[in-house]
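> For the sequence shown, this note's numbering gives the first residue as 164, with consecutive numbering after it.
Derived by calculation from the structure, the hints in this document are not laboratory data.
These numbers were taken from a predicted model, which means no experiment stands behind them.
Hints may contain errors.
DSS-like, lysine-lysine: derived pairs with alpha carbons at most 27 Å apart [unchecked claim]:
no., residue 1, residue 2
1, Lys339, Lys214
2, Lys177, Lys236
3, Lys248, Lys361
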Amino acid sequence: MLASNTFIIVDDEKYFTFSNDDMPQNIGFYAFGKEDAPDNVKFKTKEKYPKKVLGWLALSAKGISTPYIGSTKGPAITADIYVNKCLRKLRSFIEEYHAGDEYIFWPDLASSHYANKTTRWFHEQNIKFVPKQDNPPNVPQARPIEDFWSILAGKVYEGGWEAKTELQLKRRIYQKIKEIDMNVVQHMMMSIRTRLRKIEDKGPFSLV
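Could you put together the complete structure from these sequences and hints?
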């Protein structure tokens, strides 16, 4: 059981595509018939492997870390990228916001998050983290960072916005992160204990 004065820090990755056609508000075009749809909708093709960038950041009740927004080629983040690009920013975030605090870092169960290279780095840097065997699987409802990504994606693709270049998309993500209300982030992070208790008492579907 965590002490009430222990801060919980979470992190996560999200992939952003140039147009994010998988966003609910960006899908579909309503017309009475196919002939009513504009050509750019009628003949639009969907790429099998759409261009995308990787976004990573960490959150706590005290703030948001410096994000990592980078190019990506594979379907999942590697341990090398996670340690060298993301966790260095986590360490800086902890040093800036949680020096002297009691805290615990709670990653999700992605393979790169518990790779040997990653856990070795945690121990070398004295990062207090949730051991893999104690990390509950399949509880995204308990992790407010999922809500954060939804808010951010809504801002990035607001009004059907689309990126023309990778640089344009990266700049847009950085800008929209700055626009997120910190009070909302703090409220999200302070709800973690309540969410976890509810899942423990009533099961994961109690948060649906």
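> Taking 27 Å as the top limit, are the C-alpha atoms of lysine 248 and lysine 361 close enough?
Judged against 27 Å, a Cα distance of about 34 Å means the pair is violated.
> So if I understand the rule, the pair passes when the alpha-carbon distance is 27 Å or less; does lysine 177 with lysine 236 pass?
14 Å, holds
> Straight-line Cα separation of lysine 339 and lysine 214 no greater than 27 Å?
Within the cut-off at roughly 20 Å; holds.
Violated hints amount to a single one, hint 3; each of the other numbered hints is respected by the structure.
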